[in-house]
Amino acid sequence: MIKIEHMTKFYGSFPAVIDVSMHIKKGEVVGFLGPNGAGKTTTMRVMTGYTPPSEGTVTIAGYDVITHSLEARRHIGYLPETVPLYLDMEVTDYLRFMGQMRGMNRAWINERLPAVIDVVKLGDYRNTYIQKLSKGFRQRVGIAQSILHEPDVLIMDEPTIGIDPVQVVETRALIKELGGEHTLILSSHILPEISMICRRVIVIHEGRLVADDEPGNLSERLRRTERIELAVRGAGEPGEVISMLRDLPMIVDARRDNSASAQRDAGEGIIPFLLDARPDREAPENVAKAIVEKGWGLINMHVIPMSLEEIFLELTTDESLEG
Amino acid sequence: MEAIASSLITSGTNIWNIAVKETRTYFASPMAYVVAAAFLAITGFFFVASVSDAFSEASIRGFSAGAIFFMIFLSPALTMRLLAEEQKLGTLELLLTSPVRETEIVLGKFVAAFIMLTIMLALSLYFVLVLFIFGVPDTGPLYTGYMGMVLYGSTTLAVGLAASAITSNQLVALVVGAGTLTGLTVIDFIAERVGGTPGEVLNGFQLGSSFQTFDVSNFAVAQGGHFADFSRGIINFTDIVYYLGMTTVFLFAAIVLLASRRWR
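Those sequence lines, one after another, are chains A and B. Under this note's numbering, the first residue of the first sequence is numbered 1, with each subsequent residue one higher. Under this note's numbering, the first residue of the second sequence is numbered 1, with each subsequent residue one higher.
Bound conformation, chain B alone (with noise of 0.2 Å):
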């Protein structure tokens, strides 16, 4: 029992310490400040279009809306450095010779980029401040869109993490990253050629708002996927579930990925 205890806080202190690392060596870079930067500017715009008709709605769906979509590119050029860079200096080779788990070592880098999402997030809560200034919002709709933002960005990380533990080359990790999240985007054109049972269960892993109903006139409504209720102020179980599930599948692959590079 002790020696699992002393075990837990060992793993929990590596994890810390590569996170806090990881966090550190993004502020060092322009990195942060480009994304974070980038990520503002067009949720802003997205935001903005979304509400700035005669009789529009004081929410952030407009926004929420272009941020998870936007979060298919993000996420990836968020996690792109982080495995494939270690493999590319041959620091993976230290940290597995290191006494520290492949987990402990995937699951550091998770938060660290889970951190740097944050963050994002956190800056753009003045767009709430002037829906507040400006209008009357339904509180609803805020709280459930951030939460819904936080799960997707937690997906989209861990699939951007899975792709940075195949590659050494970083533009190769945030291509394959960025695909798989655009496929799963799109899996609805791929449900509705299949059709059936299959094509049900194929929509069910649609990630986000379909490209087919993503209106570009009415920002307001990105619907389909498992994004949609929260954009509407709806908590669904099945959301969550599959949220949570496809961000620990994805980084089980990364772990995975990972402790295959020693066979290779």
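So that you can see chain A by itself, here it is in the shape it has in the complex (with noise of 0.2 Å):
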């Protein structure tokens, strides 16, 4: 249903999203989970076609969001993070209008009015001017936006941010449902939000993908590994490298690092690698001891000192002091 690939994006100079890549499956529910700045509007931003990317290309249901905007967008529901509203509207007036842009006619509006109205348990505000609205009952007109047309893809960014505890409750429970009949992709920096509806878990921080799990998978990782840069020469089959590698103890994983700042780096005949390992000092040793014994030349190794343990340190995993 959506595939990103290798989608960068800069501000200016300054890099907001770098070489992510994800493909999300029809009737996935996924969250992106990361700090503030940690670049998940941009990517939702570049995957609804709001903005174009720097680099790479995003297709939505089969339709490339720069190429083919307009087929790409019919099938997306967004809903951003600072819900656009026409305060001078009523809420039904609302509705029909963003019904009308999303290419509803009237027939069709009239059928999915009521039945997204009762969704969003808007009955008794049918009528009110979005102005008199609090924030909670504002977030279910942008809900109720976001889904009338029935998209298949439906993209809310952070929409339990602002509104208070109790309507936080209410509001999850309701995206939850809405999971069951969407491909639904959802951002937010609190951890129990994402694992409470989310059953993939992207994370992003400073720009880049982290990780990409299950929740369940993720806690487990986070609290187990760091990652090991390697750039390995002389060493065939890049394929012989990681099974030698996966092998050792301590190593989680291996794989081929193919970010284009690593093919960058690597020069005639090195390959670089990436290993997910225990947070153990004897971890680096035996990798290096291990490639040393092969003959291989050891060019470069680095333990990154930004593990998903410090991320998710940055995250909001205390709901009280935060939503």
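Misleading hints may appear alongside valid ones.
Result set (DSSO-like, lysine-lysine): computed pairs, CA atoms no more than 27 Å apart in a straight line [said to hold, decoys possible]:
#1 K135(A) <-> K121(A)
#2 K176(A) <-> K121(A)
#3 K25(A) <-> K132(A)
#4 K25(A) <-> K3(A)
#5 K135(A) <-> K21(B)
#6 K176(A) <-> K3(A)
#7 K21(B) <-> K3(A)
#8 K132(A) <-> K88(B)
#9 K135(A) <-> K176(A)
#10 K176(A) <-> K88(B)
#11 K132(A) <-> K121(A)
#12 K26(A) <-> K3(A)
#13 K26(A) <-> K176(A)
#14 K88(B) <-> K21(B)
#15 K132(A) <-> K21(B)
Calculated from the structure, these hints are not laboratory results.
Assembly of the complex is requested from the two constituent chains, each provided in isolation within its own frame, with the hints serving as guidance.
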């Protein structure tokens, strides 16, 4: 349903998102997790076609968001972080207008409107001016406009930010329900929220995709891994190196480093790798020893200081502090 | 062929839906009423002043001179909200992620503002009624006068809309819009100092009556610019091309400015 390939987005010279790739299948409920300013919103804006990627491609339901922008946009329901509402309109007038903009005809809008108002529980506020609604209710109007046209893909940016705790609980329950019917992508900087709603978590930090896993596995890895960058020379097949590294104690996973920067730095006959290792001093030692024993050249080894663990600490895990 | 036709219908529907929504918003806020009242009051003063002398001519020249002068501020006031507010509220992000083109957004907003302008000009028709009750006006200049005001008004709305696309601040949109229109009105001052061929070219862009030739003691003879012939009952092809061309250029500018939001 959604394919992002090596997407990079610069704002001026500042890279907001760097070489992010992901495939999201129909019906998946995916959470973007990351501290504030990690690049979640930018990734979403590129997915919705609001802003074009600097590099790489994004396709929604098979349509490239740049070359076939209008077709791609037809498949999207979007709720930006600051809920965009015309304050001087009544709830139903606003929803009707948004339906029209999404290309719905009158009959379709008439059919969907009561159902959607029912889903978001706005029945008593149909003809209320949006200006007069509380933040939580405005959020519901925002959710209503995003699902009105029955989009294949639903993208919600921090949907529970800034609303009161009771309404947060209700909104989460509502979103969880929606996840049953849509391909849903949701961003948050609150870990429990993501684990509650999503079956797949993509962690974004400083513009990079640093993890993509089930919430359960992720928590496991968060506690147990750190990352090692590695460059090896004279090692024939990358597969041989990978299987050798995987067999080492302390090494959880090994893969080739396909990031643009690693490829650029690698010279003739040098292959870059990425390892997930248990946080133990012996892990890098074991790796170095194994490579040297094989007669390969260990060109570079770097234990990444910013581990998932530290990212985890930047995330809000205590709900009483925020939301 | 069929694809093109259906895409045109979709565009038309989008433009119309946006225009209807904006027109409703005009009437839901005091804006429409305040602007229309101010327009009628101020142009009414010009009208009365131009026809109340003992031997004055039964014409709308005084009214139209006042109207095109006032439109320099009134049009940007009508359009300042249209795109600036979308940017401020963030609703632009929703529109631009909906299957709607920037062109359709801009044209829809323009149509709404144009409807407001038409309504105000329609209300001013009572000046004409007064002329027919108390005098024998020459009908030619009446027709061309209104035609000129519609064309001139369109251009000022397009300028105002482009100004509204620049910023999320309505006041900035108003100042930039009115400033640009004032610039186009006093362009003859600049042309005079530049002189020669460039000066003449600049003079060709004179929007409406020059302030230089605007004679407060004689409201009936606002001259200069592309509006002068319309007020005299003359339809000049160049004037029509100028107004339609300027309208197109500024609407296009609004579209480009709006699209450029995506890169910011």
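Now the hints, each set against the structure:
no.	hint	result
1	K135(A) <-> K121(A)	holds (14 Å)
2	K176(A) <-> K121(A)	holds (15 Å)
3	K25(A) <-> K132(A)	violated (39 Å)
4	K25(A) <-> K3(A)	holds (9 Å)
5	K135(A) <-> K21(B)	holds (24 Å)
6	K176(A) <-> K3(A)	holds (23 Å)
7	K21(B) <-> K3(A)	violated (35 Å)
8	K132(A) <-> K88(B)	holds (18 Å)
9	K135(A) <-> K176(A)	holds (20 Å)
10	K176(A) <-> K88(B)	violated (30 Å)
11	K132(A) <-> K121(A)	holds (16 Å)
12	K26(A) <-> K3(A)	holds (11 Å)
13	K26(A) <-> K176(A)	holds (16 Å)
14	K88(B) <-> K21(B)	holds (18 Å)
15	K132(A) <-> K21(B)	holds (20 Å)
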